[in-house]
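Q: Given chain B, put chains X, F and P with the ligands in place with the hints provided.
So the sequences go chain by chain: B, X, F and P.
For the first sequence, the numbering used here gives the first residue as 1, with consecutive numbering after it.
For the second sequence, the numbering used here gives the first residue as 1001, with consecutive numbering after it.
For the third sequence, the numbering used here gives the first residue as 2001, with consecutive numbering after it.
For the fourth sequence, the numbering used here gives the first residue as 3001, with consecutive numbering after it.
In case anyone wonders, no lab produced these hints; they're calculated from the structure.
All C-beta atoms, glycine included, are put in the ideal place defined by N, C-alpha and C.
Check each hint, because a few of them may be wrong.
List time: in silico DSS-like cross-link candidates among lysine-lysine, alpha-carbon distance up to 27 Å [claimed, not checked]:
no.	chain 1	residue 1	chain 2	residue 2
1	F	K2131	B	K156
2	X	K1239	P	K3007
3	X	K1383	P	K3287
4	P	K3140	F	K2269
5	P	K3284	X	K1383
6	X	K1193	X	K1170
Now the stretches of chain P that chain F is said to cover, found in silico as 3 or more residues with beta-carbon under 8 Å [unchecked claim]:
no.	segment
7	3045 to 3056
8	3102 to 3112
9	3253 to 3261
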Amino acid sequence: MSDLIIRIGGEGGEGIISAGDMVAQAAAHSGLNILTFKTFPAEIRGGYAMYQTRFSTETIKSEGSGFQVFCAFNQEALDNNMEELIPGTVLVYDYPGGDIKEEVKIDGVTCYNVPMSRIAKKDLEMYRAKNMVALGALSELFDIDEASVRETIQGKFGKKGEAVVNTNFKAIEAGSSYIKENHKKTDQYTMGKSDKKMDDVIIISGNDAAGLGALIAGCDFLSLYPITPATEVAIFLSKMLPRKNGTIVQAEDEIASLGNVLGASFGGAKAMTSTSGPGLSLMQELLGYASMAELPCVVVNVQRGGPSTGLPTKHEQSDLFMAVHGGHGDAPRVVLSPENVSDIIDIMVVAFNISEKYQIPVLVLSDGSLGFRTESIPAPDPKSYTIVNREKMTDGQAEYKRYQLTKSGVSPISIPGQPGGNYICTGLEHKESSAPSFAPADHVAQSDKRFKKLDDVVKDSLIPAPEKQGDDDAELGVMSWGSTMGTVREAVDMAIAEGLKVKALHSRLVWPVPVDVIEEFAKGCNGKVLIPEINYQGQLAEIIKGKTSLDPISYRQCDGLPMSPENLLAKIKEVL
Amino acid sequence: MSDLIIRIGGEGGEGIISAGDMVAQAAAHSGLNILTFKTFPAEIRGGYAMYQTRFSTETIKSEGSGFQVFCAFNQEALDNNMEELIPGTVLVYDYPGGDIKEEVKIDGVTCYNVPMSRIAKKDLEMYRAKNMVALGALSELFDIDEASVRETIQGKFGKKGEAVVNTNFKAIEAGSSYIKENHKKTDQYTMGKSDKKMDDVIIISGNDAAGLGALIAGCDFLSLYPITPATEVAIFLSKMLPRKNGTIVQAEDEIASLGNVLGASFGGAKAMTSTSGPGLSLMQELLGYASMAELPCVVVNVQRGGPSTGLPTKHEQSDLFMAVHGGHGDAPRVVLSPENVSDIIDIMVVAFNISEKYQIPVLVLSDGSLGFRTESIPAPDPKSYTIVNREKMTDGQAEYKRYQLTKSGVSPISIPGQPGGNYICTGLEHKESSAPSFAPADHVAQSDKRFKKLDDVVKDSLIPAPEKQGDDDAELGVMSWGSTMGTVREAVDMAIAEGLKVKALHSRLVWPVPVDVIEEFAKGCNGKVLIPEINYQGQLAEIIKGKTSLDPISYRQCDGLPMSPENLLAKIKEVL
Amino acid sequence: MCADALKAKDYKSDIRPVWCPGCGDYGVINSVQKAFAELQISIDETVAVSGIGCSSRLPYFLKTYGFHSLHGRVLPVATGIKLANPKLEVIAFGGDGDGFSIGGGHVPHVVRKNTDITYIIMDNHIYGLTKGQVSPTSNKGMVTVTTPYGSPDTSAVNPLSYVLTFGATFVAQCYSSNGKQMTELVRKAIEHKGFSYINIISPCLTFNKVDTTDFYKESVIDLPESHDPSNLVSALDMAINPPVGKTYTGLFYQSQKPTLVESIKAQQKKAGGDDNYDIANVVKEYKV
Amino acid sequence: MCADALKAKDYKSDIRPVWCPGCGDYGVINSVQKAFAELQISIDETVAVSGIGCSSRLPYFLKTYGFHSLHGRVLPVATGIKLANPKLEVIAFGGDGDGFSIGGGHVPHVVRKNTDITYIIMDNHIYGLTKGQVSPTSNKGMVTVTTPYGSPDTSAVNPLSYVLTFGATFVAQCYSSNGKQMTELVRKAIEHKGFSYINIISPCLTFNKVDTTDFYKESVIDLPESHDPSNLVSALDMAINPPVGKTYTGLFYQSQKPTLVESIKAQQKKAGGDDNYDIANVVKEYKV
Ligand SMILES: Cc1ncc(C[n+]2csc(CCOP(=O)(O)OP(=O)(O)O)c2C)c(N)n1
Ligand SMILES: Cc1ncc(C[n+]2csc(CCOP(=O)(O)OP(=O)(O)O)c2C)c(N)n1
Ligand code: SF4
Ligand code: SF4
Ligand SMILES: [Mg+2]
Ligand SMILES: [Mg+2]
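So that you can see chain B by itself, here it is in the shape it has in the complex (with noise of 0.2 Å):
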């Protein structure tokens, strides 16, 4: 098994994020799996970039922990990296002739430089080059294969003409001649290479996988408002949803949003908005809205740092509380949250589903890595999907009533154009009939009907069951949510593998909380379960213990950075 992970650093604008896209593709070609990572700053230019690749022969689970490779285009990025330059790691950096002043010597790491910036302007005269000369050096130290290299890059720039291309092809070679000439290489690392087929994998990022699994769901209407890191859904959608004659509209805000959503909804589309915090703070008086008159919708959220405008491009998983408890009254909603890239095109499905069947808001959480990371993934078949949708009014029925209490608290709706259907979509509390009424016994009876759905969604076999990892009997159970799903799996592998009894359980069901599931998992380990998670509060932690009789141990990261497999195992010795 090989398992290798480069990162490049540098300021915002130096094309850190082409470079690394094409690192990544590079080594999909080659039939490598990958999952990146990157960060960039709030401002538009200027700040520390950085992106990173995750390479393996086998299934990537997370980010991993630190790197084995670090290639620093400027001071600030080599900065910001020293204290994860620990032996065993290699430096490529930019010198001399760049930002870097001084030649670097670390101990037990191996430093090769490469005047990257010297190359692209003096000898290249394209100072924007300087990627590509990055490119070349990483490629020639790290075995990366040169035809793949040379066939993304074909991929990339073939459209802007042969001359692009070729000034490319100069620029990469300039690099990994450098290497060829000046350095003998002393470190361990490549990449490696796989016989896998790749004709059956794409390349996608969480934030086009959610727009693919809307459109596999059957979405035919979105209404958004930009907003980072969660724009690139509505950009997917944008250029897709047209195609099979959808409906897109940029708003003039959140609110709006999810009015025109609702509306469609109300219309008979299969309806979502796609947010980040800021703006799902903005929407819940109308997520309330869509609980009171059971219209079904789907919100994707994909969270950022907090609170307030906080941390625009960083991750964190700090929208949990207000997903779950957000607006003013007792509103039910579902809250779902996708593990990595590939699920999320499923669970997208799964929240139109929910929505549609029990005519109640889904939201779905994503996150800032889990949106901007690009996974190579199976091909999914649009075909291979379960899709449900909505139980309509019986056409001619006669005296019906849109709120009608039923045994499980779904009442089939009648979609405008119907004969016979009329009723008040309506957020007052309301008869059967849909007439406004403020009886005690109507509240109770509507109140009852809009929460029994949650029974059922709890069992609902749409939603992939809860997933267990190791042994029923363990010293320890751990549970996640979200993209740290990922690194609890990776990190109970690792602790399984040193004979630790410890075992996890997954679900991306978050509210209604699975609590039999749960408590079931938590008896084989005695009760103790350990759950962390990006935010300051311990929120999941803290739902979980509101809802179930666990106490769980809430392990918080809360720095803008997705947790490493290796620090959780630290973690789970620690608590074991």
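A: Frame of chain B, contents of chains X, F and P with the ligands only:
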């Protein structure tokens, strides 16, 4: 001890409210304590309206359970109250010649007919005097002090001239004459009288009391957007604030209101807004800003029935989840909840004090019952309150750092105009200086700073310590919040009087949860704690469970009405 | 009209209006029902949408489909309904506070996109449902419960110039006591292709003691015959500068522009829109 | 000017601007600092307020007090600051999206109340910070990441007629490359009593490839000498109907009306406002 509840019911617009108000005023004039309770339809006209007054020589803790006397203005009112017309109660009703077409006979219920409509319309030729006729009849029947009634009428109509006053006297007399001439009192209820000096008593509604508390606290800025049942807070302050050169603004919406408030607070004002659930939902994003930028502000939220537009004129306590967990990201807030009208005044002062001292948003959760009800309470002495103001930057300080890391998490604040205090108030994560920073260390340090405050808030003596009721050793502890605390007091008194081993804890601080006090309280009753509240999900119970070792028994009522002490007593007996 | 034609009363729902006796909104709903009958509008393919307020209760009293949304959100919701199914007739109702205060941020965008809906505001210069506070159309100095010393707002919002500025393609004003004109304008507004707006002066008898029916009896006058509704500048002039103490009613402005539905259809065409588009094509684009 | 007079650079903070090289916003901040120096404005008694966007970062680079609020909320916050302490000079900054999209609902009210603040929008016809989506001032058909088939919005928002309609008392437009005119207009706007608005055309080089500096070099022209800034109708005409392909810069309109601060002071006076008012008087009114 005398304790009597008279309820009047009829159609909105028939003068129910003013008749009820006069009964209450007259009673207070005779030295009795009063506590009133009204409900009215969400529509401007029509629909069932109800006003009840509880009179007692003792302190009144809640609306009570049911009524002893019911006065029905029409058939709907009669129907709505039929179940509560149990043996031992008294009915006074409009018959013949009114909306009620048949004589009423109910087993065990004393029924007095009074043709209120007919007397008003035919005899007096003023239909709108129906409520005064009723008042006359009730005064005669239940011995409401005649002088006090006259004084009340004089007080209310005096400004409109002698003629109007006399007209009302005539109507009162017509009502009382009808009783004298046609009925012989067969029930045992009388309102009674007390020698208590009423010089230092005021009658005030919960909403006015919230405004009064704000004035005492030194509030000098209000921005509001009208919403039932909170508008009266703003109406009060609209009148009063300009008297002290304070500023009031009716904004274009709730978002603008809180925006105004945060701007004003930054500018040095003690600023607040008042709203209800839907408005608070809209404020979530800016509330997060206040937490992040550490701006003092007070938001009074008078809860109504939810979710969504819900039951705008009904009582409910279902905004707790949102108050505590409403916005995106990890944002600390303080949530206080007053128990009764007198308490609102004190809690508003506490809210401003805590908000200023800790530079943190403070939410005060009132509710429909508390906001609309009036009570006779001891007149507060504004000068007797402790007033706390924010710690300002000392003038002439060198290198001022707005968000300096301090032990308490609180750092001195400069006010525009102070030389050398320049900084930028920001919702972005930042360094101590206020310059934006997305470095992990700053996010960690500033998050710690923001949350550290809550540790001190829990222990702060500015907040009334949670009160204990009953013996420490008990079989059951009861806890609640907001106006339901009054119900708990009364029910627990009843339980103790019956010899049951029950105790209660009353805390105005809801969030941060006063964990230690609660744990200690629960110890004395072996962890068996009952939490009654007026919402569907059992919001306080879940929050307490999430934060303490308790697994409380949640008792929810969610029908738009306050909980009656009898009802709660029955529940206490059930769980004991 | 044929024998089984729908009459105005056929558009009435079973729910009895809850407005105060004499409220202007009664007149409005009558005219709406008459206009519906004149157009023989389909009960099943019409949606009446509203926000929150006395006026926003109107959809409950119509037999069509209805959507009683949130305070200020009538326009985004109406837009969503229309775009989901352009075959539907979508009519938005609301009050001056709902439309121009809390909902005011939506107006410019729904108007400038020429969204294919009809928007009818019952303008009573007051917040009715919350019992009488100033609204954006109240005049400076107005005394209400929240402005006991008079409203400090220097200028009121002029609904007509508001929507004209953003490019509304149908703009009219009428008075709730003039049923004939109102019915005709409502009919025309519904027939209009694109965004149509009617400001209906609809007095609140209970809380507005300034702009009363007595006041309007004197002040409401028809637009001069000479006014040409295709002339935008004249329309703005009539809206902003009526004779002192007077208010014009009638059709201020009408024009044609591409509507939102048309523009979106054009986008779909450009994208090669196909109802049976195979999502597998999208997946292919992401192949390594 | 005396020896220790403040220079433009004295208004610069320690934080280095983060805008792209060539961004129009650099020109704007230069003129703002120059205007500050011309007015010798107090660093301690001035507050620069903003929303969210590239342009909204401006206050960080000024040495005055600052308030970087939320997306769209610059006007409510600026209002609150001014009302809390009318002695402060309050200047609001933002972008076209911040001001007219998410914040558009606040504009009519802050304008019509003649709130005593200066509002400067850096209009680049695009969302800069979120990397290039259509804004309300973008033209129909514009291709961006969220409108790959062209924007369907029939008309763009015209910021000048927007604020003129609601009764703005100072309205100007300028171009970020014309420092002299810009500095003068910023100075006048700050000096103006009541609400003043400046629309600054400030190109986004990175994401708007349509409305570029090259484009504006040709199209920006001064208002005709004949234009009378006290004439509202002319101002509207200049705003709505510049010569084809051209955009006017200069002072469109200026007038005087009671300001919000004045109106509120009048209210306080009516109430017998007294800084030492004894709250015990209020309590007395509730005595039984
Ligand atoms: C978010 C929110 N804020 C406030 C309210 C309270 N509210 C209900 S209706 C209304 C104003 C009604 O005025 P208008 O729109 O003019 O309608 P009218 O009653 O005059 O017909 C207000 C403020 C609400 N329902 N929701
Ligand atoms: C509630 C909320 N929604 C969305 C965003 C994301 N956002 C930040 S800036 C911006 C638009 C910026 O455009 P503009 O105001 O024109 O400023 P510019 O960057 O062009 O100067 C958006 C949509 C946000 N910060 N908050
Ligand atoms: S309060 Fe005014 S607007 Fe509301 S129903 Fe009564 S008269 Fe009509
Ligand atoms: S993205 Fe555009 S607006 Fe933002 S800093 Fe760069 S050039 Fe300026
Ligand atoms: Mg109104
Ligand atoms: Mg912009």
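Q: A separate judgement is required for each hint: does it hold in the structure or not?
A: Evaluation of the provided hints:
For the proposed pair K2131(F) and K156(B), the alpha carbon gap of about 64 Å is over 27 Å, so the pair is violated. Taking the CA atoms of K1239(X) and K3007(P), the gap is near 46 Å; set against the 27 Å cutoff, the hint is violated. Proximity of K1383(X) to K3287(P) is assessed by CA-CA distance (about 17 Å); at most 27 Å being required, the pair is judged to hold. For the given pair, K3140(P) sits about 17 Å from K2269(F) by alpha-carbon distance, which is consistent with the 27 Å threshold.
A distance of roughly 14 Å separates the Cα atoms of K3284(P) and K1383(X); the hinted pair therefore holds under the 27 Å criterion. The suggested pairing of K1193(X) with K1170(X) holds, with an alpha-carbon distance near 24 Å, which does not exceed 27 Å. Residue count for the segment 3045 to 3056 of chain P with a Cβ under 8 Å from a Cβ of chain F: 0. That is fewer than the three needed, and the coverage hint is violated. Under a criterion of three residues with beta carbons nearer than 8 Å to beta carbons of chain F, the stated coverage of the segment 3102 to 3112 of chain P is upheld, 8 such residues being counted.
Check on the segment 3253 to 3261 of chain P: 4 of its residues sit with their Cβ under 8 Å from a Cβ of chain F, so the three-residue criterion for coverage holds.
Hint violations for this structure: numbers 1, 2, 7, all remaining hints satisfied.
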